[in-house]
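Work out the full structure, taking the sequences as your base and the hints as a guide.
Protein chains: 6
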Amino acid sequence: MTRNDGRTIDALRPISIKRGFTGSAPGSIYIQAGRTTILCTASIDNAQPPWMKDEVSGWVTAEYNMLPGSTSPRKRRERGKTDSRSTEIQRLIGRSLRAAVNMEALGPRTITVDCDVLEADGGTRTLGITGGWLALADAIASIAGDLPDAGKVFRSSIAAVSVGVHEERVLLDLDYSEDSTAEVDLNVVMTGDGDFVEIQGTAEGRTFGRELLDQQLDVAAAGIAQLTTIQRETLGDAWPLAN
Amino acid sequence: MTRNDGRTIDALRPISIKRGFTGSAPGSIYIQAGRTTILCTASIDNAQPPWMKDEVSGWVTAEYNMLPGSTSPRKRRERGKTDSRSTEIQRLIGRSLRAAVNMEALGPRTITVDCDVLEADGGTRTLGITGGWLALADAIASIAGDLPDAGKVFRSSIAAVSVGVHEERVLLDLDYSEDSTAEVDLNVVMTGDGDFVEIQGTAEGRTFGRELLDQQLDVAAAGIAQLTTIQRETLGDAWPLAN
Amino acid sequence: MTRNDGRTIDALRPISIKRGFTGSAPGSIYIQAGRTTILCTASIDNAQPPWMKDEVSGWVTAEYNMLPGSTSPRKRRERGKTDSRSTEIQRLIGRSLRAAVNMEALGPRTITVDCDVLEADGGTRTLGITGGWLALADAIASIAGDLPDAGKVFRSSIAAVSVGVHEERVLLDLDYSEDSTAEVDLNVVMTGDGDFVEIQGTAEGRTFGRELLDQQLDVAAAGIAQLTTIQRETLGDAWPLAN
Amino acid sequence: MTRNDGRTIDALRPISIKRGFTGSAPGSIYIQAGRTTILCTASIDNAQPPWMKDEVSGWVTAEYNMLPGSTSPRKRRERGKTDSRSTEIQRLIGRSLRAAVNMEALGPRTITVDCDVLEADGGTRTLGITGGWLALADAIASIAGDLPDAGKVFRSSIAAVSVGVHEERVLLDLDYSEDSTAEVDLNVVMTGDGDFVEIQGTAEGRTFGRELLDQQLDVAAAGIAQLTTIQRETLGDAWPLAN
Amino acid sequence: MTRNDGRTIDALRPISIKRGFTGSAPGSIYIQAGRTTILCTASIDNAQPPWMKDEVSGWVTAEYNMLPGSTSPRKRRERGKTDSRSTEIQRLIGRSLRAAVNMEALGPRTITVDCDVLEADGGTRTLGITGGWLALADAIASIAGDLPDAGKVFRSSIAAVSVGVHEERVLLDLDYSEDSTAEVDLNVVMTGDGDFVEIQGTAEGRTFGRELLDQQLDVAAAGIAQLTTIQRETLGDAWPLAN
Amino acid sequence: MTRNDGRTIDALRPISIKRGFTGSAPGSIYIQAGRTTILCTASIDNAQPPWMKDEVSGWVTAEYNMLPGSTSPRKRRERGKTDSRSTEIQRLIGRSLRAAVNMEALGPRTITVDCDVLEADGGTRTLGITGGWLALADAIASIAGDLPDAGKVFRSSIAAVSVGVHEERVLLDLDYSEDSTAEVDLNVVMTGDGDFVEIQGTAEGRTFGRELLDQQLDVAAAGIAQLTTIQRETLGDAWPLAN
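Residue numbers (the working numbering), protein chains in the order written: chain C, 1 to 243; chain V, 1 to 243; chain H, 1 to 243; chain B, 1 to 243; chain Y, 1 to 243; chain L, 1 to 243.
The set of hints was computed from the structure by calculation and includes no laboratory data.
Some clues are possibly wrong.
In this list, chains with the same sequence are indistinguishable; a pair is considered to hold if it fits within one copy or across any two.
[As the list claims (entries may be wrong)] Listed next, the in silico DSSO-like pairs over lysine-lysine satisfying Cα-Cα at most 30 Å (straight line):
(1) 18 x 53
(2) 152 x 75
(3) 75 x 18
(4) 152 x 81
(5) 75 x 53
What follows is the structure in structure tokens.
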């Protein structure tokens, strides 16, 4: 089976990453997978969230937004209210990134990771997690001198990818046209060590049995291993975890 | 290991269901699992949703809401805006119920399943799905005479349950106190035939490997089989699928 | 004149009340009059409302809400904003219940009485007051040990009923079909001692003279006396006022 | 008993009325009672409200708003949301004015009566009704030529006044300082013929018996008779009802 | 060229001003230019705005609102949200008035100037500034005794006027019909000493060259000099600046 | 006088522009001036805005938004409501771009130009106009084949720049630190032919006389001439106007 862009069924789209894309936030990652393009920035506020008073640990939260021009037709700007899809996605990104962080080692700070989608061609939530973790790493590196033990802040790296089922075959890293016709849609978030952080699988056109689920998890794990390698190469010496 | 309420680790909480609890909606199910209590009503609007114009099939959507008095301390009423947790949950319930329905056989109608939580003690989203499917079945039965082929509306029955990991053991159907301390939280939605509809797993305090995931999926499948039996007994002759 | 359900013109609908319907709130009353069904919960917050700072007395407030499935066609959920009818009703319920309470004896607490309508068939605002007072009584009983003089918290019991004029005859406790065609609609809130707390009369299709007002007030007073008796029987030994 | 401004207990405050205060709306009444000052404008839209489609009759609605500078301290402008007191008041004004109008004779039009309070010193809701009816009369007169039978549009004139109980005495037309200390607050809306349109009585500090209610209704009726005379003198030949 | 109302092209509309129009706010100016009518009230809050904590100076802010009946057809009330035109106008009024005030001499207070348009016939934003400054002057005079050096609060007087280009001629103080057809619309805010505070020029139907801009600025300056004279006469001995 | 970045007082910041930055919108311009970075996309909707029904011409509108990570500290995302500064800016951008377009030649379409600020260091509103016009040009070029006379759509090119006064000297194209301390802030929008489209001048710390205004206008005009040259070079053969 050949895919639109000539990829094999178990290949990621080509990834391109720029660190320090903007200078206004301590973590600023421009990440592209195929045509999907996201600006992930991580900003630090030296205060806990209001509901966390009287504790000593920190917090990591995320916001997700598609720019109006990121799709055709144009997506209406979320000003009146946040749309429910964005709400669901940003909760997923936030939970996933928090799993990577030792909040006590971070200390009483709030880091907000903003994933603003510049162009959307499928897989924005998983690419936001992969890029968001890099922005988080750069932001924490920028305050390493203020932390008692910066080396303990990260428990693991985090990356994510989608898999889907199309005509009984499992595809890795779906673009928008593939996602629209997939019968099953599974988003997998894993640590660099191969443990699960989040699994979200949805039957779109057909329900699915255990065997097909197992195949999808295998393909996803292989994809995430590649993404972890790319994350490592991107950060180089700034990789925040022991080798 | 003994649980608070004396259950074994793989036992469901006692389930109690009343059909036709209120008379104002064609489907009205009062469902209790332990202390968690939900009123699921299904209302029929003989019109498609606005975005569906020019099509001939129907739509099923869901709303989820916790009554302010359903928890202690009281939960602030969602009037200014829907909270993001409710948004996420009602999207899950809606997707799950839609997987059960053949929208063309339903015809140009919108059925809204409202899951209003009267008392919350863990597992509200999964119990809402299990009860919501029953309300949907009763609502569709009420218009069977208006449908060209009522027997084709349902593709399957749907039920859901949570599983979690606590001190390396997999627990079925967590109550609130168990849910708060679980290290992994997995919600599984399946058909009566044992296929997956939705899987949502989240690492709360620790990430988890493939083996533990497999154990959880086994326990969930066994729980859902029991729930399917209860759904069958509840509907009796009104069971909308072939035996 | 015979009414739809066979009642005489001055008869209440059959009343059914369950105390402790849910376990999550200290006061939880399930109350039915005919088909109108309301869950009234009373929750206690050990803090004054924000605008009451620097005072020593407490506050009682109410919220009113119809569940979407409580009517046919389904009522749109009040999430974007509270509808103006609900606003007006919950202000009435709050004022009525506050008239029953000695706020200094309650001390610096806020009790919120939530009236969530499960099925609506007319008279929801008055039944919400009658049931809400019972929920309030149970909630205050639950903290009697924390109050310096629990016996002084209640000044009176409170109950409410509607009366209307239809074809020149005064009807007690209108159901929805009667309410829709009534020419005058009068809601009366009284203490168990027969004093007025609130009177709200509205000419719907015709204005009304003093004599007809007097007749309506007589019928309402008799209905409230019956409701007070039912409240007394419901609480039994928990009746919070001197006999 | 002497009142702050030297009035007797059954006297209205001095009333001042200007017709055609602004030129932008067909009905524009500037009305003052003591220091309470309201601009009531009535605007005509040659369309029915959206929910009234397929009918031939018209509609009258009202909005009530206090200007921020109308009180001291300044009242926050209702832009985020309408406050619940304003909601309740404008519903009362709208219902009261609708009782005066034969909607079929008005034809498929919507008249909106806006009561914008320029200065608030008690009794704004009742003065809004008294002035709003005058604005409505002028607005309907402005389209008399377009109506098949303009003489049938009004069923009656409408006026309103407040009464209260202070130290066991019934006071007519309370100003703000009197209203703040009144034990009972009763707003009465009547036709020029002496029939009731709305009665809203609230126990503020004490409940009240039937006898005291009767006294208040007597005082209110006498006050409304005086207001009706003032309305008649204000409109002169433009009085829309038969004498 | 003759204008609708017979004015010459460089003449202001007739101005009418009443001080102390309402008694509830310390500054209350009713100002009319032709048919445009605005009630400007200035209210004093003895607190700084929240974002200004830990400073010793004050703040002046403005709100602008058109009453629904101020135009035909009726303008929908801004309750759901503030419309963007009002937002832009009230920001202009606020900035303009702040330019007049020495915030340290004012001390830790917030003065809010509300410009509520009773009738709109063009030029509401500029008339709001001219009248708003008068309300501000009266409000500050009312607290002169509480200020260490009241004479230093005002740096200057402020007035504003619109100019426009119609068929190659520059018109002063446009009414609504002129404004609708003007090709250029320029609002100019100046001090009584002839300095600029704000200039906002917009090409409506045609862009404009430097020469035409210069002519407009000349006409505006002459108009503002007349407005300053009127402001001086209005305040008389209460003029807050040295002569 | 030397500026922070070594520029002379009448020099623009270095400009960098990328066309077709994203592929999802027909016009997509990435524009940088110093560190200020904006993504301007122009999207086409083949429908008129709702309020324009029954006309044959088109419409151009703009939205302006700062990404949360575009400033430090992070800017709260505008989801609850649009902040008033953004409202004011997007109205300016929209009016400015509309001045460039012959709406009848555009036909019944709506083009929305979104200016999303990726990094903010002063001058975002003027750079948004300069870049927005380029995005508009590319979007219109993409539908040239569908237009009866594409050559008539543009009346002119549009560019904008800020000037300010600091210590009596006029500075061109202020960055954030300069803008914060400027005494006068003037934003000028001009056509490529040197006509004015919008002028918005604000006295921040001091008012200003006519002579200083004239100097600022001269400096702005020279800056805009340079920006027009850059726009011409950017579009090359795609320049939509006659030479």
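Results for each hint:
1. Neither within a single protomer nor between protomers do residue 18 and residue 53 lie at most 30 Å apart by alpha-carbon distance, with minima of 36 Å and 40 Å respectively.
2. Taking identical chains as interchangeable, the C-alpha atoms of residue 152 and residue 75 lie at most 30 Å apart only when they sit on different chains, with a minimum of 29 Å there against 41 Å within one chain.
3. In this assembly of identical chains, the alpha carbons of residue 75 and residue 18 lie at most 30 Å apart whether taken from the same copy (26 Å) or from different copies (22 Å).
4. Taking the shortest alpha-carbon separations for residue 152 and residue 81, neither the intra-copy value of 38 Å nor the inter-copy value of 38 Å comes in at or below 30 Å.
5. Only between protomers do residue 75 and residue 53 lie at most 30 Å apart by alpha-carbon distance; the minimum there is 20 Å, versus 37 Å within a single protomer.
Hints 1 and 4, counting from the list given before, are not met by this structure.
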